[in-house]
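Heads up: the sequence lines are chains X and R, in that order.
Numbering follows the working numbering, with no gaps: position 22 of the first sequence is 22.
Numbering follows the working numbering, with no gaps: position 85 of the second sequence is 85.
Honestly, the hints are just simulated from the structure, not real lab data.
Predicted model only: the values in this text are computed from it and were never measured.
BS3-like cross-link-like pairs, simulated, lysine-lysine; straight-line CA separation at most 27 Å: (1) 9(X) <-> 106(R); (2) 14(X) <-> 42(R); (3) 9(X) <-> 42(R); (4) 68(R) <-> 106(R); (5) 56(R) <-> 68(R).
Pair ranges (Cβ atoms, derived): (6) 42(R) <-> 63(X): 22 to 30 Å; (7) 16(X) <-> 16(R): 48 to 56 Å; (8) 12(R) <-> 98(X): 35 to 43 Å.
Among chain R residues calculated to face chain X with C-beta under 7 Å, some are: (9) 32; (10) 34; (11) 44; (12) 49; (13) 98; (14) 103.
All C-beta atoms, glycine included, are put in the ideal place defined by N, C-alpha and C.
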Amino acid sequence: NAGVTQTPKFQVLKTGQSMTLQCAQDMNHEYMSWYRQDPGMGLRLIHYSVGAGITDQGEVPNGYNVSRSTTEDFPLRLLSAAPSQTSVYFCASSLRRDNQPQHFGDGTRLSIL
Amino acid sequence: GESVGLHLPTLSVQEGDNSIINCAYSNSASDYFIWYKQESGKGPQFIIDIRSNMDKRQGQRVTVLLNKTVKHLSLQIAATQPGDSAVYFCAESGGYQKVTFGTGTKLQVIP
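From just these sequences and the hints, can you work out the full model?
Structure, rendered in C-alpha cells:
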C-alpha cells in the first residue's frame with residue numbers, strides 16, 4: 001500500500017529557480033493538501049483541494065501554485081524560489097475535508113540558497 | 001538531520017512507564033481532535049482521534065482524554081517503548097474550520 005507518495009525527498013535550489021513538488025495518493029481520497037513545517041511552528045496549510053478541478057488557498061499561499069487535474073495527483077509549484085521557502089513540505093490526503101484524519105507523505109526537504 | 005524536533009518541549013520517560021502528553025487547543029468551536037506521531041525524517045502518522053461528544057477514547061496502548069471546559073487534550077501511552085520516541089502533536093478542527101496543528105512535544109524514551 002503506497003498511501004501518499006512525495007517526490008523528491010530532498011532538493012536544493014538557487015534563489016529565483018522554479019520547481020514542482022510531486023504528490024500522489026492511491027486511496028481515492030477527495031481531499032488533498034500541502035503543508036510546510038518549520039522549526040517551532042505547527043504545520044501550516046499552503047493550498048488544498050476538495051476534489052479534481054477544485055483548489056483553494058490556505059494560510060500561507062504566497063509564492064506557491066497548485067493544480068488538481070486528477071484525483072490522484074496534487075503537485076505544488078514554487079514559482080520563483082526564495083530563502084524564506086526553505087522548509088519541509090508535506091502533502092496529505094483524507095477521504096473528505098472535514099472530521100477525517102489525514103494521511104501524510106514523508107515530506108520533501110527543500111533548501112533555497 | 002531533522003530540525004523540526006529542536007526547540008520543542010521534551011518529555012523524558014523510562015521504558016515501561018506510562019507517558020502523558022498534553023495539548024491546549026484554542027478554538028471552543030472545535031469538535032474534532034486528532035493526535036499524530038512524527039518520527040525523525042518521516043511524515044506525521046495518525047494515532048487516535050476523538051469527537052467533542054466524547055471525553056475519552058481508547059486505542060491500543062493509547063488513550064485520549066478531552067476536557068472541553070478548559071480546552072485541554074491529553075494523550076496517554078501505556079508501557080512506553082523505545083519505538084514510541086517521536087514528536088507528538090495534536091490537531092483541532094470543526095465544521096468548515098481548517099485543521100490547526102499544535103507545535104508538538106518530543107517524547108524521549110530512556111531504555
